[in-house]
Structure formats: C-alpha cells, structure tokens
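Listed below are the residues making up each chain.
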Amino acid sequence: MEPQIRTLVDISESQASLSGRADIVLERARWASYIFQRFDKKRTMKIVDAVANVAHSHAGEWAEQVVVETGFGVVSHKKLKNEFTAKPLVDYYREQDLVSMRVKEEKKIVEIPRPAGVIFALIPSTNPISTLNFKIILALITRNSIVISPHPAAKKSCIDAVRILTEAAISSGAPEGAIQVLETPSIPLIEEFMSSPKTNVILATGGTAMVRAAYSSSNPAIGVGPGNAPVFVDSSADIALAANQIVTSKSFDNSVLCTSESNLITLTDVDKPLRKSLKNEGAYICNNNEVVQIRNYLFHPNGFNVEALGRDAVWIARECGIRVPKKTLILVTPINSIGIEEPLAREKLCPVLSFYVANSPKQAIAQSRATLRATGAGHSAVIHSQNERMILDFASRVECYRVVVNASCSLGASGFNTNLAPSFTIGTGFYGRSSLGENLGPQHLIHWTQIAYNSDPSVAFGKFNELSLSLDGPLPRSPSDGVPGSPKSRRVDTTSTSTSFSIDNVNREELRKLIAEELKNVLKK
Amino acid sequence: MSQEKIDFLERSKTFWNPGKTQDWQDMGIDLVIDHREKYYLHDMDGRRLIDVHLNGGTYNLGHRHPELVEVLKAGTSRFDMGNHHFPALARTALAEALAESAPGPELRYTAYGSGGGEAVDIALKTARHATQRRKIVSIIKAYHGHTGLAVKTGDDRFSKLFLSEDTVGEFVQVPFNDLNTMEDALKRRDVAAVIMETIPATYGFPMPEEGYLPSVKQLCERYDTLYIADEVQTGLMRTGELWGCTKYKVQPDIMVTGKGISGGMYPIACVLISEKCSGWLKEDGFGHMSTMGGAELGCVVAMKTLEIVQRPEVRSVVHFISDYIRSGLDEIMEEYSDFFIGIRQHGLIMGLEFSHEQGAKPVMKYLYENGVWAIFSALDPSVLQFKPGLLMTQSECEELLGRVQIGIEQAREEVLGVRNRRSIH
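Protein chains in written order, with our numbering: chain B, 27 to 551; chain P, 7 to 431.
So here's chain P without its partners, still in its complex pose:
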C-alpha cells in the first residue's frame, strides 16, 4: 500500500467513517476507488478491478457511460434540479417514459425520491393512504433501505442500532418462499402492503420458487393488500426483461426503481403508482415533498438510461452474457465442486453459493487479489453477489471468468486447506 493511501485511509477514518473504513481493511480489501470507466474500477494505487458488484446495479451500463455523461452535460445547459413545488417538464417527461414501459398499464403516476430508501418510504406511505391500514409485510432478511419506514422493513441490524425498530407490531416479516406464513400474515385483512424485492439482493439472491410471486400477488388481492415490487436491483433489463416482476408475471400495484435508473450519474429514485393507489396525489399533492427528489437533471439522465436499456441489441447482449458467464461458471463449479456448490441465476443476477457458511468472504478477497470486485451478501455470506454488467463485451467476460477461476481456486485452497487437485500429479 502506498504511503499516500495509508495517509488517505487515516483521513477517511478521522473525518468520514472510521468503522466502515476499518472494516474493509480488516477484511483485506484495501480498495480506494479512484477513476472509473466502463466496468473497471481503478484503485488510487493504480490497480484495475473488473466491477461485478456494480453497487447493486447502479452501474448496469458501466461507469460514466458516455451517453449518460453527454446527456447530463447537455442537460445542465437547460436544467438544474428544478423546483419541486411546480409542474416540471423533465419530471413529467420521465413519468411518461416510465408509464410507457411499466410492467402494467395500471401504473400511471410517478412520485420521486432522491434515493431508493426515500422512494420506498413514499411507496409505503402511498399504500397506507390508499388502504387506510398501517401494517406492512416484508421478507425476513429483506433490504429496502435505511430511511424512516424502509429501515423497519429490513433486518433489525440496521434499525436497532438507531433505536428505530418497529415497536408497535406494524412491520411484520415472513420467510421468503413460504406462502402459508404469508397468508397467515395477511388474512386478518389489516395489512396495507406486502413489499417484495423480486429477488432479495442483500440476502444473496435466493430465487423465488415457481409460482411464489404470483401467489403472493393473488393473496394480496384476496385480502385487499397492495403489492409493492422493489425493482431497485432486479429492474432495468438485468433479468433480460425491463422489469424482473414481468418475468414472474406479476403486475404490482406500486413499483420502486432506483440505483441504475440514472446510471450512477445523478441521484434519483422513482415510485410508480397505479390509479387505485393514487389517492393522496389528488387529495393533497403536496403530501410528500422532496427538494431533490425527481431532480430534473436526474430525470434527463434517467430517460436516456431507459432508452438505452430498451434497445433491442441490449436485450440480446444480456442473453449472450448470461449464457456465456453461466456456462463458464458451470465449468469452474465442476472443477471445485466441494467448495463452489451452486449458482442462483436469473439473467445477469447471480448468486454463487459456497459450502462454507462464510465462504463468499474469502472468495471476495481472492477475487479482489485477482482484479475482480464482487461482494458477499451481507445477510448470507455463503453467497457471493455476482452481477456482470449489461453491456460487457465478450472479451471482458472471458477475462472475468479467467480471473474468477483462479480466485475461487485460491479461496478453496485456503478455506478447505486442500491443494488444487490439478497440481497434484
């Protein structure tokens, strides 16, 4: 590590976030991201990493995608964030673009936040207003953000710390892929909404069983509960369709998108709201306010992102990457089958399963040493989140697989204490 980096990390601990800064050092990840482009991160000491973390899909299109940079630059010659009190050209234009591409014709309105957590809060408030009920059902180990209401839907690790956990029984959590418990939670008809990541990300992408999500939607309909799809990580073509819920044939009442919607160039998050849930927008349109929510520069970038991800070529490239990476990972899994034991996959959303309960951490570490940045699942560290970008080239994918093969081999050797069998001759 360079002296410059050592000094910097001290400053980071002193002025920014000592805990977070130190935790990464403890895990052997001394990454300080300096410049970045395409699917590459460059550490301040000069190392280059292939990014398959993409910050949860924020960088689906790569870092600083040239068309997004261009549209943002061009946008500044006409717009700034705008005034959230007034009808606004860019907010409405993006709302129309979202309505046009929504997973169902019912989703017509868009309300804006400045980030995913705020958007989830808006979604939950919208559901409470529409149903006049307070209860929210989410999935155990779900992750929907850290704001006031969103944080209560997730793992209590993040709410208890701030004495912000639910204390009055308004937030109920049920296991994923368990319809009976879900029905039990809903059948008293007092639940405003079920909020559901189409594929729970931070929990390591456990995949919905066949029929699970449509059945949850049916249960919601039976008990007059609203279905909120959190498409922050599964949307924007990662599954090979614009919205992941479409693949599972679910038409949500409310849908949240964030992260990748503006390609990491300008913060914005969006809540798509169906007619039947839109009461507050008519009763008191000033009900939720956000100076930076729906910033018009963000809208301009988001419109371009939506246009790019919907190009027919992108869809086809996503299929190529999914098939190619999968077939390469299958070969690696075959080679190290006592350590690398499974792959959860839907398109470019992948979770690599390891036999050790913390196995994804050394894998992360060795991938890092081999020039690949992927992160373990915070709420299930046996699983590595593996999210190749939508526009990766064949040669980038080939290079990625080569590095992953070596990284997994080294992690396995370390964790299982066995030598690579290929070297035993």
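Chain B extracted, bound-state conformation:
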C-alpha cells in the first residue's frame, strides 16, 4: 500500500491559510526582485530576449490552446496578438534604458531607476496569452518580479505558458521566483495578494469589479476600465476605406479586444453609402426585429451575456435565430438612441456593432460623448475623416485618451498599427477611474531616485558621466559544506594571527570563572 497525504483538519479556507499562501509567493518574488535589481542592462536584456523568443515561437500553439480552453476568439488573430507582445514589443523598448542611471547635466540632476519590486498581474480571459506576455516582458525589462493571476476560464493555458516562459527566464539567468503564477486563483486568494503589503503594484486588466477591487486594496494599482469605442464616420471620410477598416477591426479576434469599435455614428448623407460599403466588407445589417432579437440575446437583466463573448457573427446570429450569409464577419444593429434605455450602446465583446445616424456633426459628437458616458470613459474612440478641424473638435470633446484616425481601433489604440505604445493595458485615466491615462509601458513600473544639486550656477555639478551604477549581478551560491561539488567555505588562516590563544590547560570550573569575569568586565563598560 502506498502512503497518501491526507488532510484531517482542513484550514484551507481560513484567513491564516490564505495569507500564508499569498505571503510565501510574494516573499519569494521579493527576494527575486532584490537579486534582479543587481542586474545590469546586458544581463537584463538577455533574459528579456530569451523570454520574448520563446513567447514568439509558441504564439500559434498557445493561441490554439486558448481558443480550445475558452471556446472563443480566432486562432490566427490570437497568434498575431501573441507575436505582437513578444519580439516587436521588446524591440519597441530596446533602446529605452530603464536599468542604467541617467545624468541630466543641464539640470544638475542624476536619476537612478528603482524598480517597483513585486508586481501582481491580473490576466483577463479575453486576451490571456498576449496580456501575460505583455506584463511579463514589461516586468522583466524593468527588473521587477511578477506574479501572474490568470482568469479561471483560461487558467490552464496561462499556467502552461507561464511555466515555459519562466523556464526560459531562469535558464537565461533570471532569479528563481522572478515570474510566478497562481495555480489556484480564487477570489479570496486574489484579494489576499492584492492587499498584501508585499505587493508593490497591481496591474489590473479585466472586469470592472476586479479593477475596482485592485484600487480598493490599499496598494498602488494600475487598473484600467472597460472600452466602448465610438467610431464617427463624417462626410469627408473615404467611405469604402472606413468600412473596410471598421469591419476588419470589429471582427478581429471576434472583438474581444477592449479597443474594438462598439458604436458606429455617422451622418444622414453618409448613412446609405456606408451601409452599402459595410455590406461589401462582410457586415450584415439587421432589420428592426433582428435588432430586438440580438438585444434580448446579448443583454440580460444583469448584464452582458458571457456566452456571446468572443463568438463569431454567424454563431451569434444562429443563437438569435437570424439567418445570415456564411461569410458574415460582423452584425450591424441600427439603433435610435444612445443612453440608458439602449443596452446595445454599451460595450459588446463580440462582433456586434451598433449603428446610429446623427443629424449633424455636433449631434454626432454629442452622441459619441454619450456612448462613453454609458461605458468606456477614458478609453478609445475613432474618427474617419479628412477634415482636421473635425478631427480636432471630435478628439477634444470625447472623453477618452486616444483617438485613432482613419485606422482600425482594435489595432490602432493598442499600438499595433499606430505609433502609440504597444500595449495590452490601455489607461483609461481620470475619466475612466484609472491612475494611468496612456498605454501602459515599462516606464510605469519604475520610479527614479533623483540626485539634485543646488541650482545656483555658482555651485558645480558632480562628475557623474564617467560613472555607472554598481550592479554586481547574482549573489554567489552559498556553500553546502561537505557536499561534493559545493562551493568551498572560506576560512581565515589563523596561524598568522597573533591574537588567537589557547587555554587548553584550564579546567572547566576555571574556565567558567574566566568567562564570567570577562563578561562582567564587558558589562561594566
């Protein structure tokens, strides 16, 4: 009979157990970050590149795994996202040195980067691999440790991927524990991690409840709100091009990106040609009855129907009892109002795009603002227009922090095909109850110690240009004395020290007295 480990007294749900489990993971991460902060740029980038290469080469395989596990999304699109958050992400930041010190001669300031330490990162089910790639690489570039908390719906894929990335990191020199993953994420355990004083910053990407919990944790948090991008096609737009961009973007990975277009707003004179162009690109425009069916299917009294999350247009149409051509890429639902009474104006993480016709550009902008009032404040918007005045008016009025022009919002707002920072955490700023207004980048995961000299021109600034930080790399391995192959213990040669002496001939009692005497003298001081 084989021995079994049996639990007679189960305390796994107790507070002590939850904090014990969180604490040891975070303490290991903290130790790792302490060692990591001794690494220079070269050592750091070796790890970053090794991890990015492995992430890149597994992009397709992990995309397939995630689609199988979660049941939604598009493999080829997920593969693209997974690749985008591997090598290209690293290349984007390669020249930005967040490890070495920087000397600002003219300001008489020297700045030393100080990594956050331990990052606790929540991973959503919608973009699991790309988000974890992204957060891990950002952490490594900045010499931070990271603990990944996967969404339960994508848990297995995430754990497998993190395990492989961790192996790559460790074998290229990262400290053990620099990357860890929560294998049994539960709400109470995640709350424990978020509120632990050993967590330095929480990166919360996911549902609103989780993001709010992160901000309520008492720890620094970078959480971002949901998207619900309005897309405005004005009279000056290249209609065919706009339609092409919108359909491609809205159908990308079945619209699970939070940057995906959500509400199309246009003007009376553009209405017909735009509908025609959308149809040409693979959109199905629903009639009034079909809009009702979709509305009822997608929105239950308590919110969005997660069954529809990341499903393709044909699948959703079928569920709603609507017959659509097989090649349909998105479902367009014309609506008459944007506001509380129209659920279809909210975020829809599936290829359903609402369609609203405004009477004037002024009304279009007002309705774009209304869209973001419903959900998605601070996130993203798109405008298709050739009119710079219109672009400027639109961008300065809608309450969001990125406005993509004449391009796909899914890929544009996240920096795929614009020069915005490539990111899977889109800051929704003050409008969207976030501490971050731009796309999350590595610079957000460090602070700088500033050495500041007197600004008076008569005071000379120090000569720092020829110096660099003392970054000694990993600690030497401590000895395991007597174990073959272990590093040897050093010992000072005592034969040369005149101070050692022998008291061989004193008996125990004398010795006791001697020591007592000696120590009393010590005490008298």
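In short, the hints are calculated from the structure, not lab data. Computed from a prediction, not measured in an experiment: that's the story for all the values here. Yeah, the Cβ is synthetic: ideal placement off N, Cα and C, and Gly gets one too. Honestly, I wouldn't trust all of these hints.
Said to hold, decoys possible - Once the Cα atoms are required to be at most 30 angstroms apart in a straight line, the calculated DSSO-like pairs of lysine-lysine come out as:
1) B:Lys-224 x P:Lys-44
2) P:Lys-19 x P:Lys-166
3) P:Lys-255 x B:Lys-514
4) P:Lys-44 x P:Lys-11
5) P:Lys-147 x B:Lys-514
6) P:Lys-79 x B:Lys-224
Claimed, not checked - Which bits of chain B does chain P cover? Going by a derived footprint, with three or more residues having C-beta under 8 angstroms, they are:
7) 44-54
8) 57-67
9) 506-514
As the list claims (entries may be wrong) - To give a feel for the contact side, a few chain B residues facing chain P, derived at Cβ under 7 angstroms:
10) Leu-34
11) Val-35
12) Leu-501
With the hints as your guide, set chain P onto chain B.
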C-alpha cells in the same frame, strides 16, 4: 532591568531553576522571553530580539506561525492527544506523510515520542531489537538528548551529573570525520547502531568532510550495523532539502526528527523506521508506550509543518536567505578577519568561528545588546550557532546583518582590546 524583572528572576530561582537562571545573569543575558511572533522575541522589559537561535530549529517557520496556530486551534475541535493504545487517525496520517517524504523508500513506519530524547531512545531500542546487539557508537561531543539511553550517547557532562554515564562499555564514542576510528569501533561486529547528527549542532556545526557520512553508512553495511540519522536540527529544509542526510546521499535505516516538526506549537517527535528494523512493532507493538508520544494534536500540527516546508517557494527562499546571509557575513569576516575567522555553512545551518576559544560568548553578548539572539555552541564556545529562519524576509535579513556587523565589531574590540580600525583615521 525593571523591578518587575528583578522580582521575576528571584521567583525563577526560587521555584524553577536557580542554576540556569543565575548562569544567564552571569553571562550578561538578562532575557526573559515574553511574547513572540515571526522571528522576533520580546523581552518582558520590552526589548525586541531577532531570533537566530530558534531553539535548534524548533522555530524554523517563526514563532507562532499563523497557519500552525490555526491548524492547532481547528484540530482541538476534533482531537486531543488521543489514546496511545489504539490505532489513531492522526498518528497514521502523519506516519503516511512522513513515509511519503522520507529520505528513502525503506523508511515506512513511524514510532512517536513526546520529545527528541524519547525519540532517540526509541531509535536505539529499535536498533538493539533489530540487531540483537547492545553497543551504540556515537560521536564525541555528540548531542542526542537527556533521556535514559540518549544521554549516554552524548558528552558526559550531562550523564555523570546524574550518575547515569555508561559503565559497561555499551556506549562508544569516536571522533567526527575520522573513518579509521569508526571502523575500529565497528569491526568486531557487535555494534547495534551508529547514531549520527548529520551536522553536530551543539558541537558548533563541524561540517562532515566530503564522503564522510556515506562512508560511515558503508561501514555500517559492512559490519551489519544500523545507521540512525538524527535529523532533529538538520531536517525540515534547513539545508535546502527536506532532510540533511539526503544532501549527503545517505539513506538511514532509522531517522529521528523532532523540534521543528511541529513548529514549537505542540510537543511531538518522530522515529522513522525501515522495514528491516521494524521487528518489535510486529513482535510486540506495545513494546514502547508513551501517553503523550504522538499526541494527535501534535500530529495535526506536524502534518501542516511538513506541507509548508515542502512548498516549492520555501525551498527557493531558503536558497536566497543562505546566499544573502553568507555574502553579508563574508563581508563582515573580511572586515574583522583577526577575530571572525570562518563560517561553517550548509544552507541555513551556520557556525561562525572566532579566533578566541571562548569567542562566541562575547559575540552572543554583544549581539544580544544589539537586538539579536544567537547562542554559542555549548561544546565548542569558539563557535556561534547561527540559524536564520526558513521564511525570513529580505528586509529582516538585511536588518540582522546590520546588527551582527556592529555586535561583532564590539565583541572584537572587547576581546582583542583593539579599536575598530575604521575609527582610526
């Protein structure tokens, strides 16, 4: 010292142990431990000490580890000590957990004591029964406890006092790291067992030389003697592996664990016994009895301890602490190389060597003054036992090193009568 403490020490001398109470006062250690948590001891007068004595590894996981407190509390809603006559749920569950994690598949049974000494007695009795021989070989200056048989294996300081030393030549002691003498002791084929602390603790952690322990095991096999590993102080992940003997590639016939096995929350000690030594458990299972041995509450706590120390994160944190503390101590040693002359180390088991034959005593004293509690080795006071906890945080370790640096500097100044060279400018 507060009046309250002075009064208390008088009571301690009057009602508890006058000699022990006074000895500490003589050594300048006026510690009366009041409340404690993590790796901190709080003296009744309010001073806080970082504990790197840990009572020989009893507090590996820190004082009153919250998960151990919780499991003990929860355990009381179902168990008490239990009835040692009967098959018992918790005793068997812990025995299975120990078998699962034992240093070899042969170690299947667990017999229980209420403390390490009793467990060592059980181990020695088991070996005598299995071999039908009486002789026991141990290491000079070994320490295995104070009970009837255990006390005879150790330094005679503790046996002669009670007229309990071996008088019939059944207990033989040989020097550590000396294979020839060991072989001489075994080759008459009349030795039941060699009992071996994997790293002798009270003797200041002299480290086994490469190949020594496996060779002793080979000698045991050659002369049909059993090998008993005393893992009381070296077990439970202190070496970076669950059992120290595993690191030296020794599979003992019998293994003893105690102290840290229940994190200082409930007394229990365990003897793991291989199939080939288990005869008495079949012949007369009532052969050794102990009302409190294997108390079921202790078993519940011990199972949790085993689970915690085997978490992969703990192993990795032990490596971090070992490397970090070592590298900090190396720097201190470099600075005071005429006084602090060496470090014996295996993972979190460390012995700091000083050039003065009693050097660890003033170091202990000055560390105490600087808020660190570490104890000299009773049987080699040139060596300070230095045992950081398994779960120490980076900031605790950094603080510890800062205090140790100052304490050693002050002790050196006192012992060598020289001033800190950094102040000579």
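Structure-based check of all given hints:
Of the pairs offered as hints, the one joining Lys-224 of chain B and Lys-44 of chain P holds, with about 16 angstroms between alpha carbons and a cut-off of 30 angstroms not exceeded. Taking the CA atoms of Lys-19 of chain P and Lys-166 of chain P, the gap is near 23 angstroms; set against the 30 angstroms cutoff, the hint holds. Simply put, Lys-255 of chain P and Lys-514 of chain B have alpha-carbon atoms about 18 angstroms apart, close enough for the 30 angstroms limit, and the pair holds. At most 30 angstroms may separate the alpha-carbon atoms for a hinted pair to count; Lys-44 of chain P and Lys-11 of chain P meet this at roughly 24 angstroms.
As the CA atoms of Lys-147 of chain P and Lys-514 of chain B are separated by approximately 25 angstroms, the hinted pair is consistent with the 30 angstroms bound. Of the pairs offered as hints, the one joining Lys-79 of chain P and Lys-224 of chain B holds, with about 27 angstroms between alpha carbons and a cut-off of 30 angstroms not exceeded. Counting residues of the segment 44-54 of chain B whose C-beta sits closer than 8 angstroms to any C-beta of chain P gives 6, which meets the bar of three, so the coverage hint holds. Counting residues of the segment 57-67 of chain B whose CB lies closer than 8 angstroms to any CB of chain P gives 4, so the stated coverage by that chain holds, three being the minimum.
A stretch counts as covered by a chain when three or more of its residues have a beta carbon under 8 angstroms from one of that chain; for the segment 506-514 of chain B and chain P the count is 5, and the coverage holds. The interface hint given for Leu-34 of chain B is met, as the beta carbon of that residue sits about 5 angstroms from the closest beta carbon of chain P, less than 7 angstroms. Given the 7 angstroms rule on beta carbons, the hint for Val-35 of chain B holds: about 5 angstroms separates it from the nearest Cβ of chain P. Among the interface hints, the one on Leu-501 of chain B holds; its C-beta lies about 4 angstroms from the nearest C-beta in chain P, closer than the 7 angstroms criterion.
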